[in-house]
Amino acid sequence: MPRLAPFGYSRSFMVFTIPFAGFLNATGQVNVCLSKTLPYACELERVEIVTNVVGTGTAANRDLNIRKGSATGTLCGTVAATLANQGVLGVVTAGTVTNAANANKFGVNDTLTVEFQTASAVVFTAGGFDLILTFRDKNQAAA
Amino acid sequence: MYPGANSYSRTVLCLHVPSVGVMASTNAVNLMLSKTLGFACELERIEAVTRAAATTAGSRVINVRRGIATGTVVGTITLAIATQGTLGVVNAGTLTAGPPGTTAFNDTDTLTIESPTSTAFTAGGVDLLLTFRDKCQAPV
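One line per chain: the protein sequences are A and B, in this order. In case it helps, this note's numbering puts the first sequence at residues 1 to 143. In case it helps, this note's numbering puts the second sequence at residues 144 to 283.
Calculated from the structure, these hints are not laboratory results. Be aware that a few hints might be false.
Interface residues of chain A toward chain B, partial, derived using beta-carbon atoms under 8 angstroms [said to hold, decoys possible]:
#	residue
1	A41
2	E45
3	V50
4	N52
Using 25 angstroms as the maximum straight-line C-alpha spacing, the simulated DSS-like pairs for lysine-lysine come out as follows [claimed, not checked]:
#	chain 1	residue 1	chain 2	residue 2
5	A	K105	B	K278
6	A	K138	B	K278
7	A	K36	A	K138
8	A	K36	A	K105
9	A	K105	A	K138
Where is the CB? At the ideal position from N, CA and C, for every residue including glycine.
Could you put together the complete structure from these sequences and hints?
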């Protein structure tokens with residue numbers, strides 16, 4: 001059990017439903033969320049995808065990047081949707097959060113971008129998932 | 144209502160439940176299997192919002208569990224044609240009754256959402272909204 005702390009963190013979820021069309025059936029760079037203003041200080045704590053439509057497609061792969069800033073901003077998290085982890089409904093695939101050099105910390109003026117990269121992309125022929133981002137933030141004044 | 148050091152923050156976990164493979168299927172399915180939360184919280188509310196209208200009378204029960212697919216049920220919601228036939232309708236589920244802590248998760252608990260064998264809808268889709276409350280706490 002974590003230590004309850006008046007000046008500790010609260011958590012919040014941000015979920016993006018990723019459909020097949022335009023995202024998983026493509027190999028190009030595509031933005032899921034481009035430069036969203038948050039606008040409060042927080043830290044990315046966890047990145048996960050949950051399969052909600054069974055994925056198919058030989059060697060299918062799409063890499064998702066979570067960035068601070070624009071589509072070329074600092075990489076703070078990644079997760080890969082692959083044929084192996086998209087083949088069964090409900091499977092939770094954990095990604096990686098980068099906390100080196102405070103990459104996962106967002107200031108009040110930072111924006112959030114979620115994008116699929118071109119590199120390593122191999123199309124799915126079906127599929128879909130929810131991307132779940134877990135953030136933690138401390139009590140703070142309104143922007 | 145006043146905030147306080149021992150008060151709660153809320154967050155909503157939204158999962159899309161599609162027609163293909165779930166609403167239009169009779170199969171038992173996992174919608175989310177053993178997700179690590181990583182923080183202590185309590186399930187406070189379960190709701191389903193119709194995103195795609197169902198066209199024939201089906202029924203699907205969705206269970207929210209602490210742990211794996213056979214873990215303790217902490218909440219349930221039933222999707223029926225009465226609530227799934229019209230876009231935007233908010234259907235509220237029920238939390239498992241019990242003493243304080245019945246719907247609580249600690250930071251090592253996992254969250255599973257599963258649905259047993261059902262009667263298929265012809266179409267339909269919902270967003271499942273789970274509202275959690277948590278107190279300020281140190282990172283794990």
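Tested hints:
1. A41: Result: violated, 15 angstroms to nearest chain B Cβ.
2. E45: Interface hint status for E45 of chain A: holds (7 angstroms vs cutoff 8 angstroms).
3. V50: For V50 of chain A, the interface hint holds, since the closest Cβ of chain B sits about 5 angstroms away, which is under 8 angstroms.
4. N52: 6 angstroms, holds
5. A:K105 <-> B:K278: 21 angstroms, holds
6. A:K138 <-> B:K278: Holds, because 11 angstroms separates the two Cα atoms, which is no more than 25 angstroms.
7. A:K36 <-> A:K138: 20 angstroms, holds
8. A:K36 <-> A:K105: Distance ~15 angstroms between K36 of chain A and K105 of chain A Cα, so the pair holds.
9. A:K105 <-> A:K138: 12 angstroms, holds
Violated hint for the displayed structure: number 1, the only one.
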